[in-house]
Each structure stands twice: as structure tokens, then as C-alpha cells.
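Trainee: So the chains spell out like this:
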Amino acid sequence: MASRERLEAQIDQWRSYVQRHRAIAPADVDEMEDHLRGRVDDLTATGLDDDEAFLVAVRRMGNLDAVSHEFAREHSERLWKQLVLVPDDDAAQASGPAWRELAVVLALAVGAGIAVKVALAAFDTDSALLRNVPLMTAPFLAAYFVWKRRVARRVVGALLVPYALLAVVLNVYPYVDTGSTVVLAAIHAPVVLWALVGVVYVGGRWRDQDPRMDFARFTGELVVYVTLLAIGGGVLLGLTAATLSLVGMDIEPAMESWIMPFAVPGAVVVGAWLVEAKQDVVENIAPVLTRVFTPLTTVMLLVTLVVLLGAGGLADVERELLILMDAILVLVLCLLLYSVSARDSLARPGWFDGLQLVLVAAALAVDAVALTAMLTRIAEFGFSPNKVAALGLNLLLLVHLARSGLLLLGFLRERQPFGALVRWQTRFLPVYAVWAALVVVAFGPVFGFA
Amino acid sequence: MRFDKDLVAASATPLVLGILAEGESYGYAILKRVTELSGGRMQWTDGMLYPLLHRLERLGLVAATWGTSEAGRRRKHYALTPAGHDALAERQEQWSVVADVLHQVWRSAQQAAQAPARPAVAEGWA
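So the protein sequences, as listed, match chains A and B. Position one of the first sequence corresponds to residue 11 (our numbering), numbered consecutively onward. Position one of the second sequence corresponds to residue 5 (our numbering), numbered consecutively onward.
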């Protein structure tokens, strides 16, 4: 009967409408649907047709917002979305995959720990360790995404080549152990590795802009989660150490040789899993942090600028200054990137966009002051690997931010769509990976591995 | 008849507890019973019954179990707990006091309305 089918469709529609109210749980919707159907049946028995009965029954149900409000008063915890990592017994029908995922994650976390432990045993110098630990951890994180996204074997195979090259370069180059090129290689290698993990994360679709932004979002959330895990782990270890010291036991040796090698890579893998699981449950945190820190950073930069200009030039221009400037620009870039990542592209320009433009402009001005001072100094004393690396990164950041500022200005004057700014962010990201690869591969030979 | 919202809210709990004291029931049947008992004069907003039932459940006055209806749908049944029986008895006492007082005050008001002139006359004599 056509009218019965239409009734079913209407009830389905009503269900999905009710389910949109967060305070009303699925079980409550079942209960209310049973009620609605009971009412419809009784009304049709008195001679109404299905459509009329449905309309009357829905009307008798009352204003759903008011009902949802009452539910919210009764179950305030439902307004706080809960992250369900493994389903409880009530909803155990589909629990197989979730438990399997937990098992895979734990296995990979332990595997990463074992790999780092092996590295600790195999390499005796600090610099060799520094070069190899990220190299040992990244494959486990990548493996999680290969498993989770069913990444094509072709993609994985293609990634093994740069990975192997990186491993060879890092371990075969005849670095001078006390030199700066080896430190530069060790610092830049994780950036290259992270780009490779990114290619796995997006399932090989690294040319598309949207998945690239997803990976940027993932990175921000992962940093937040790993930080939280580290704080929690630190408190736990502190309590354990304090308790054990009461009986005269020192956990420091165990900490160095066992706890840290397993905890740190484990936290990264588990953090990645948490970010994946909470994606559609909890608001992203990184954009919230940018809201708080954008105004504060703007004030900080403006004050810095005034002080720098007032002092009439920089008295003591050191390499540290350039690194400091890089750090400031990276911070500003992250603030920009994460607020861009969460902004509705269609919304009209607002005060926050204006504030971001001020932030970018202030950062560029501070950097310009520092950079002129630095360039005169380099002209005087020549290049060192550290200076070139810091300067190169500074220039990249400068280009990235300057164009972002222009696009932001265009958007505020309604000459450019917001999408242009978003695309520029994601389009520029691979440049950093290429630069990092260049530092790792070329700086050693160019500067004689010093 | 339209009832004041606060009156509905105040009377809903004892009414639901009372209906459940007659035996285990479920949402729609409870509402039908309310309509039946009041001869159709009392009609609640259907949806509002469920937050109320959940509150009573949380307070431990009713216990809920999931069953299936004749048509095979999932249906939540509610039954009164011992604590619910106690609460019902207490509410019953309170409401009979309220009803008794209201009844008295209306009767005396009615009597006063039937003989309105007298106090004015007495005042005149004073």
C-alpha cells in the first residue's frame, strides 16, 4: 500500500529529526517512536487516513525542542559528548572491529617501543640515536594508517623508496660527530618522515588539497593529545617514583632504559588512534587554542616590535636570534593555519580575520627588523650550515606568511574568496618537506659533514 | 480544557505513580489511561511524559525494562518500585490535604457569595 510506505518514510524522517537533538538518546527515540506508532494506529482505527493520523500524532508529541530541553535537564551528561573507544555490552553487536582496532593499536605501540629499544642497544652515540629514533617510530604510525585506511600496496611501495633513502643518508654519511650538519640532519629528518606519514594518512591522495588540510588538522590534534598524555604520564611516574623512593627504590634506571623508550613512541601511536576515534565526537582543540592565543600573540609581537624599533637596532645579533625568529614565525603560522582549518569558508569577514591580519603584519615587521640585522652580519662573517638552515626556513616562512597576509587582506576587502587563503596554506605545506629533505641530503656534502 | 503548566507538572508525578500502581505499563498506555480517567478533559503533551518517566527512574521510584510490543517493536515497560509505593502514599496524603483545603475554602467562599449584604449592614450599625 502506497500510503503505508509513505507513513514509514515519514516516520523515518521524524526519527532522524528527533535524533538530531543531542539530549535525546537513540533508545529514547525508539521509545518515542513506539509511542508515535501506537497513536497513529489508534487514530487510523477511528477513521483518519495515515497522513492525517501521522500529523495529529506528531502534533500531540509536542514541541521537540521543549521535550529535548526536558531531557537535557534530566541527563545533563548527554550534552557533553562522550568518546566511546570500545563499545560497552549494551551495543555489543558490532564490537568486533573496535576491539580489533584496539589490539592493532596496542601491538603497534609496543612494536614501536621494541624498535626504539633495539635502536638504543644498537647505536652507542647520542647523535646516532637522535638520527634513528624517529626513523624507527614512523613506520609503526604509518602502519596504523595503512591498516586503518587500507592504503594501496602501490602507495606503500612507492613510499618505501624515499624512506630507505633517508635511512641510508642518515646512517652512511660520514658525519663529524661534534659537527652541526649532523644535528641539522637529525632535526630535519622527522619533518621528511612526517610528510611520508602524511601521504599514508591521506591514502596516497597527496595532490588533493582537502585531505592535505585533514592531515594538518590531524597533526594539530595529535600534538595536543600527546601533550596531554605526556602530562598525565609525568604525574603518574612522579607519584610512582615518590612512592617507591619511600622504600629506597630508585626508578631512574628503569625509566631511562625501559619506561621512556616504550612510553614516548607508544604515546604517539595511541595519540593518533585517539585523534582518529574522536574526530566526529569532540570539537577540535587546536582551533580553540588559536582563538585564545591569537590576540595574546598579537600583543606580544606589537610590544616586541616597538621595543626593537625603540632600541635603534639590535645590539647583539647571534645565530640564536634567527632561530628565535623562526620559532615566532612558526607559531604565527600555526595560529593562522589552525584557525583557517576550522573557519567556515562561506562566512563573511569578521573582526577575528582582521586581528589575524594584524598578527601576520606584526610578525612580518618583527622578522624584517631581525632579518636586516642578520643579513649584514652574515655578509660580514660568512655562512655556516646553521645560519643557512635557519635563514632558508626563515625565507620560506616569510613567503608563506606574506602571501597569506595578502590573501587575508583581499578577503577582508572582499576581493578574494576565503577558499584562496585555505588553498594557499595547503599548497605551501609540501615546500617545508622538500626544504627539510634538502637540508638532510645536501647540507652534509656541501659543508663537508662538519 | 486547558491546564496551567505548573499544575500539570505538579500533578503528573502522583498521577503516573498511581497509574503504575495499577500494574506495569508503558508510555503510550499511561497517556491513554490519563485521558480515560479524566474523560478526555486532561491531555498532556505526549513527548513530555518521557523525561518525567526517566526522572522517576533515576530517583528509583520506577524500574524500567525493555520488552517487545505485540507488533514486535522495542518497548520500554515501567513498574513501580517499593520506594515508588512509599512516594505514592506520601503524595496521596499531601494531595488529599490540598484537595480538602481547597474544597473547604471554596465552600465558604460560595456561602459568602450567597449572603453578600450582611457584613456591610453590620458595619453600618457600628
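Just so you know, the hints here were simulated from the structure itself, not pulled from any lab data. None of the values given here were measured: they were computed from a predicted structure. Check the hints yourself; a few may be wrong.
Said to hold, decoys possible - Short, incomplete list of chain A residues facing chain B, as computed with Cβ under 7 Å:
#1 Pro36
#2 His45
#3 Arg69
#4 Asp75
#5 Val77
#6 Glu80
#7 Trp109
#8 Asp134
#9 Asp136
#10 Ala138
#11 Glu330
Stated by the list, open to error - Label-pair restraints from in silico Cβ distances:
#12 A/Val66 / B/Ala14: 50 to 60 Å
#13 A/Val66 / B/Gly64: 45 to 55 Å
#14 A/Pro263 / B/Gly64: 45 to 55 Å
#15 B/Gly64 / A/Ala131: 26 to 36 Å
#16 A/Gly248 / B/Val12: 54 to 64 Å
#17 B/Val12 / A/Arg16: 57 to 67 Å
#18 B/Leu41 / A/Asp61: 29 to 39 Å
#19 B/Leu41 / A/Ala55: 38 to 48 Å
Just so you know, even glycine gets a beta-carbon here, dropped at the ideal spot from N, CA and C.
Trainee: All hints, please: hold or fail.
Mentor: Quick rundown of the hints versus the structure:
no., hint, in the structure
1, Pro36, "violated (11 Å)"
2, His45, "holds (5 Å)"
3, Arg69, "violated (9 Å)"
4, Asp75, "violated (10 Å)"
5, Val77, "holds (4 Å)"
6, Glu80, "holds (4 Å)"
7, Trp109, "violated (25 Å)"
8, Asp134, "violated (63 Å)"
9, Asp136, "violated (59 Å)"
10, Ala138, "violated (61 Å)"
11, Glu330, "violated (61 Å)"
12, A/Val66 / B/Ala14: 50 to 60 Å, "violated (27 Å)"
13, A/Val66 / B/Gly64: 45 to 55 Å, "violated (35 Å)"
14, A/Pro263 / B/Gly64: 45 to 55 Å, "holds (54 Å)"
15, B/Gly64 / A/Ala131: 26 to 36 Å, "violated (60 Å)"
16, A/Gly248 / B/Val12: 54 to 64 Å, "holds (56 Å)"
17, B/Val12 / A/Arg16: 57 to 67 Å, "violated (34 Å)"
18, B/Leu41 / A/Asp61: 29 to 39 Å, "holds (30 Å)"
19, B/Leu41 / A/Ala55: 38 to 48 Å, "violated (21 Å)"
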